[in-house]
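Undergrad: Here is how the chains run, residue by residue.
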Amino acid sequence: MMNKNIFAAAALLLLGASIQQVMAQDITVAGTVRDIYGNPLPGVIVSSNHKDLYITDKNGQYTAKVNKSGELEFSLLGFKPTSVKASSQMEVTLEDDAHNLAENVNIGLSKQSREVLSDAVSTAHSKDLGRSLMTRLQGTFSGMFSGLTTMESTFEPAYESLNMYVRGYSTFHGGIASVVIDGILYDSFAHDILYRISPEEIESVSILKDGASQAIYGVKGADGLIVINTKRGTPGKLKVGVNISETVQVPTTRIHSFDSYTFANLRNQAAVNDGLGEYHIFSKEAVEGFKDGGSDLYPNTNWYDMLVRDFSNQQRIALDATGGNENVRFYSNFNVLRQGSFWNADQTAYKADNEKYRINFRSNVDVKINNYISLWANLAGSIVRAHTPGGAVDCNGTLYSIITGMPSFIYGPVTPAVYDNDGNVIEAGGEVVTTPNINFSPYGFLNRTGYNNEMNTNIYGQAGLKFDLSFLTPGLWAGVSVGYLSYINSITSNTQDYARYIREDDWSDLRFTHYGTTINTNLTYSKGAALYGYFSYKGEAGWQRDFGRHHLNANAYMTYQVFDNLAGGATYDFRRVYSGAELAYDFDKRYAVKLSTGYSGSDYFPRKTRFVWTPGVSAAWIASNEGFVKENVPWLSLLKVRGSYAVTGNDATGFDRYAYKDQVNSTAGGKIPYLEYYTNESVYGNPNLEPEKIYKTNVGIDLGIANQFQVSFDVFKEKLNNGVIKSTSKVPLYQGIPLGAYPITNMGEFENKGWELSVSYRKRFNSDFGLFLAGHLDYSKNKVIYVGETAYNDTYAYRYRTEGYPVGQSWGYLTDYSNGNGLYNFQDEIEAGPKYSFGTPRLGDIKYKDLNGDGVIDEKDMAPLGNGSLPKYNFAFNVGFNLKNFEVNLLFQGLGGYKRNYSELFTFQSAYDGVFTESHKSAWTAEKWLNDEEIGFPALSTTATTNLQTNDYLLKDASFLRLKTAEISYKMPKKVCDFLNASAFKVYLSGQNLFTIDGMKTNDTPVEGTCSAFPVYRMYRLGINLTF
Amino acid sequence: MKRIIYISAVCLLTVLSSCSSVLDEAPSGKISIEEVFRDNDMTMNYLNTCYSSINAKGCLYFFWSRGPVNWCDDAWDADDQDVNWAASRRYYDGNASASDFPANYNAGDSGNESVSWTRSFQRIRNCAVFLQHIPTANVTSESDRARWTAEAHVLRAYYYSELLMWFGCSLPIIREPYTLDADFAKVERSSFHDVVEFVIEDCDAALACDDLPWRITTDSEAMRMTKAVAWAIKSRMTLFAASPLYNEGNNYWEEAYSVNKAAVQALESNGYALYDKLNQTAVWGDEKAYLPNKESQYLNEYFCNSGAYAADPADKETIYQLREGANSNLCNVDAPGAILAYKTGTCPSQELVDAFETINGEPVLDLSKPYLDEQHLKPNYNASNTLYSKEDPYANRDPRFYATIYYNGSKRYCGWGTDAGSISFENLGQGQGLMTRTITTWDAYKNSDGTVINTPEPLMGRSLLGRTPTRTGYFQRKFLHPNSGKNMIGLPGPRHKDYRLAEIYLNFAEAAMESGHEAEAITYVNKVRTRAGMPGLSSGLSGDVLRQRIHNERRVELALEGNRYFDVRRWHKPDEDLSATDRWITGAHITHYFKADGSHGYIYERTILKERQCYTNKWLKMPIPLTEVNNMRAITGEDWQNPGW
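In order, the protein sequence lines correspond to chains P and U. Take any residue in the first sequence, note its place counting from 1, add 27, and you have its number in this note's numbering. Take any residue in the second sequence, note its place counting from 1, add 495, and you have its number in this note's numbering.
No lab work stands behind these hints, which were simulated from the structure alone. Idealized CB from N, CA, C, for every residue including glycine. Heads up, some of the hints might be wrong.
[As the list claims (entries may be wrong)] A short list of chain U residues far from chain P (calculated; beta carbon distances all over 12 angstroms): (1) P874; (2) L960; (3) N1112.
[Unchecked claim] Calculated pairs, DSS-like style, for lysine-lysine (alpha carbon to alpha carbon, straight line, at most 25 angstroms): (4) K698/P - K811/U; (5) K92/P - K318/P; (6) K983/P - K808/P; (7) K906/U - K864/U; (8) K1105/U - K864/U; (9) K862/P - K772/U; (10) K746/P - K107/P; (11) K493/P - K78/P; (12) K808/P - K746/P; (13) K525/U - K698/P; (14) K85/P - K998/P; (15) K757/P - K681/U; (16) K808/P - K926/P; (17) K154/P - K264/P; (18) K635/P - K525/U; (19) K616/P - K107/P; (20) K911/P - K926/P; (21) K1113/U - K887/P.
Let's have the full structure, built from the sequences with the hints guiding it.
TA: Here it is, written out as structure tokens:
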């Protein structure tokens, strides 16, 4: 029988024919699924023996064919899964599941039921992610996952970027998480990809946090994984969703610009401090002239108002469709985004401001060819068309920063026309005004630099075959697939330059002269491109079967991947082989254990050591499923104790690509011509170099009360003992190998520890009112233990700069506040103070602490500033409720235990013609000090001062709490839906970044970002969601 | 079923076994060190690597500086003002630390313009690697193998000798390259003398080789090591080992004597001889060379030319000549700055000028105590010298003086790139171009009414500011072609002569004197003096007087060649400092005066320059790089640093 089947399967595969094998014992069942209040539940997955059969329609109805003796399982996120023995008509009621036990957690290689999952995994689903107003997938992650720290680095609408860290750093290389998209692993380079996926395409995202869940990913596991699953088709009638929204974006802060009177006074004050005398930069007449809003001769140009619009618009239209039958299913998505400009351009010859369109599409298709073979294919892509000013592709950032540099006293934006006495035009004017110190003009940048058209295409294609091997043993399957991911960026530029005109020195007249060598040029065409691609080949197999109360889920995979990056220069493509296997077993959903291992290798290491086993084990005891608990403590709806221990790997060490190999070559140009070439030994390889192994322990407990309230707590520890370092502290120079070429070794040590606390409360009080509260608080702290650092001698206040400190520890001088304000207030104080090795402090300059007491401030006095590059705390709080047709959801998100140095303010004041922000207004002057006025900044200067040394004066607590998203939605009543022939119709109003609480005390330095970059922006969105 | 499992297993194994090689680097042309020695040419290339860090020296220390010449009392660097990172200025200011020492200013450690611990040891390792592999390397010719082996030995000795001269401390001896798993905690440093013994061992290994030549005869082989270099290294190193700074209380003079005696004999019997004949009469014999006698002519000719590579060259004196020339740039960077108005560079000190005897063989100053004050403003004249005149101090001096120094009133014929100013009385009215000009270094003039105007002669007058004036009243001429200048800058500059026979003679003389063989010492000093046209030392001299004369002879003969820096150091005991020589450097303050009758003359006075800070005890030795010291403390707990750093 079996042999015959194999033969049949092979033959069918070859012929591509399709046979319907109808089992005689099948019966058709139908019915309605409802919640406890009797409302029909759409979207319930009806499955049997781990195979999805049907999804309930808008009326909660289903039909399915099932073995007469089989069981049907009904599951829906938020409800307890229910199994029912098959009978022809089945009405099913699903109970609420506040603990999400029914969740099928996608851990990349397989799906595991949350109830028995013993790994530490955070998840979010499309519904939650879709609430975010961010247009890039990555942007929607903030505050969504316990254990994932997100830090925004740029904030431009539709260009925002985000750094993500799973439980902080796992190695001292400071790596970031890898990404798994629909089962294919990509290294951290692929974070770039996440910018180009739209949130609409996503079914769920899982963050793999502990070793046991990361182990199968081998050398890419250690930094954590972000597992992304795109939506797949659901059988049933065609379902079409339409989502249309209009968004208004407003910067939360604006670049600080002073009127020219205030500016001139500050600038003059700086010159006085530098000993240049009063009215050195702006004459007394000029300062008087600037007063009361100035005049043509004494301008007060508000560059910001001139060039920046109050808001910009964004439009999105998303369409998705899903449907199919038991043989073919599909999910398709088409999604258009338009991002408008923030700029006021007045160029008529071409479009000077920016505009961006992004089109995303996806089509995921599953085809059942016959009972043995099914085929699946995902084709997705995104096309970004961006139009930007010619000055820079990244126009928003650049333009913002140069507006910062343009002070208000400059006449502008262009030179006036000059007339003779008869009123005839002598000079037409209209030339771009700037100054010798600035040499740019934001007006010129926007209007006179031409434009760039950027075309950015990304294709994500995956296709595979899945073989049902149930004829060998029930539940066994295998699959093969290929994946291709590419990025091609091409920029067509038509750029021009513009002549700079500067005003002549005489303030009593408005006369301008041409400055510098630039002239007004015609548009010049140029083109540039970049591309990269991942090619992956994957084979996998799984076996999922229940033997009574024994549940077994075993899976294995193997991937060969080539990554080719054109921008990487002359380096070879990167190649990796990943494989892994896991075996999850539970008994009666009470005792669960999962064994896993990875076996993976990358081309960074020599043959004999390039492959590494990364085994792991995790186990859980679900006490609340024990009969005695159920009987004796019925209110204890969840008690689960989890633990895991695993080895994870890392190959991204940041050193030479083939650091295991010697690099010897003969080079022309030796000293003795007769001896011809000379030998260049640039790298001494370490033939024993091996991938890093990080040992990870996780212990957690989940506690649920009355199916309403839940607390989860995880403690973790990660330890690296074979970190790759270039340890030369124990290597003398005299041994003769240049230390830069000295072999790297597996000697580094690193540690990362922390905990995570999640709390939630979820209750539906009746069919009209439900309440939901959830929050998480994460803590992580890393420490570099050994990187082979050479200790400084004991004349240094701190003998180590890296070892014993977190990754990214910065160093600088401490302000000596013993006199109250930390600044030198009178001359005797300077003379009595320590000597500065980097110049002489002026009055009003920062008084540094002489930590080693040698009377000199030099690098020996440096102290640790802040606590590394990552915040210690990551937290979020989510509250939502629904009342009849209204639903409200608020997400607060924040970071804590984190300091940032806002020292750019020190360099601002002497940059260009001087750049001042609010802080500079409170700068030290002798007068202020004598009058006991508040002083918040060292004395201004027109040039570099001793304050420019890295110091803690502007080291501020960068913790914040932000209302990340707020949404109120209204579900149209059935009447309206029916009128539109829609199954659902929702209208919503949402907002992002509505307010932020931080400890900055000033408005000019944003808690995230810098004052010269595009600030965090606020968004307001009005949208509709229609489902047909 | 079974078959399926079989097939699957076979497939899986095939896939897995191909995995390892699929991750290999694509063929890239990289080779291992073992492969180098499997090939004749690559082996030869590796030897070339061993040569790659021989310093250029001469005026090619970083930024066209004459390096140690300016860092000792031979001269003052005119780059001490305008360029605050110039090594000389940092020496004078004492601005130095173990992590940033001026002699290693160009700390990129890639060039050959600075002194480098790191680079020297890298090459020592290369030599050791070469010596380790050469016996079994695939070399086609056995005589090549023998010669290359010998060269690697001499090279290693050379790098060690440089380390010993600059750092002057105990060093680890590296016979074989350290392996990557070497335990550096167990490495021991050998004393200065033991390292010298190792240097001798390397040199002797090379001298035993029949295929190592005595002399290089073609230009493409320039700078390759020879037997003569091996002897020269032995000569210098034994002398150093016996000197007070390094002898650790032991008397190694007898050893130095015998090694030097053998060196002198070996060199003389293999064709090395002092240069004592004018070859290019048309240039150096011409009156426009302004060299007063035949000795000054051929001596200047010797130093201004690079020795030719030939079996029987005119220059038989040079033992080792570096390959990088001072090139045609010399008149722009190390000469009267007025020639091309860029920079002056080396300004010989008044102390060096004082060291030149008068032509009758009498020292100008009393060598036992040349100055009565510590600032060198009060010279202690030698009472028995009747020829010296304070009013006309440059008359009747050792011919080497005229071949070495441009002084006030000397003359130079060349293409001048500058106009003479209105108060350049000697060269008044001269524009640019080819002409003879008087070297005028006065920094004040006195009108006939007696008023003194403190204005330096605008072209060449002494000034403490700018890069083109002299600081001391003197300019370097030893290496400067007599006529190089504007439109003639193509005249070649000389390659630096790192070792020459006269030094070996003087090494021998010093060792002989210190070990009591005074008659031999006098004989060899006199060979050098005779060549220079000076009367010999009388055979009756001995003891301190003889020592002073021999020391002074070194100073004069080897002036501006870089030896003095090391000589003044090694002559001191470890606990002494250099305050007698290196603290106060003086120059000539010269006033041009007019007499009532319209004739004119000069008043010569001494003037101190800024007090140098580089004279204290710690300046006897260069500091070991801070990284190395930190590392060694981490490894052994020992402090390797030289005293004071």
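Undergrad: Determine for every hint whether it applies to the structure shown.
TA: Consistency of the hints with the structure:
1. P874: Answer for P874/U: holds, closest chain P Cβ roughly 40 angstroms.
2. L960: It holds; L960/U is separated from chain P by about 24 angstroms at its closest Cβ, greater than 12 angstroms.
3. N1112: Answer for N1112/U: holds, closest chain P Cβ roughly 20 angstroms.
4. K698/P - K811/U: Roughly 23 angstroms separates the two Cα atoms, so the pair holds.
5. K92/P - K318/P: Violated, because 85 angstroms separates the two Cα atoms, which is more than 25 angstroms.
6. K983/P - K808/P: holds (19 angstroms)
7. K906/U - K864/U: violated (33 angstroms)
8. K1105/U - K864/U: holds (22 angstroms)
9. K862/P - K772/U: Distance of about 61 angstroms is beyond 25 angstroms: violated.
10. K746/P - K107/P: Violated, at roughly 38 angstroms.
11. K493/P - K78/P: Holds, at roughly 14 angstroms.
12. K808/P - K746/P: holds (12 angstroms)
13. K525/U - K698/P: holds (22 angstroms)
14. K85/P - K998/P: Within the cut-off at roughly 14 angstroms; holds.
15. K757/P - K681/U: Within the cut-off at roughly 12 angstroms; holds.
16. K808/P - K926/P: holds (14 angstroms)
17. K154/P - K264/P: It holds: about 21 angstroms lies between the C-alpha atoms, which stays within 25 angstroms.
18. K635/P - K525/U: holds (19 angstroms)
19. K616/P - K107/P: Holds, at roughly 14 angstroms.
20. K911/P - K926/P: violated (44 angstroms)
21. K1113/U - K887/P: holds (22 angstroms)
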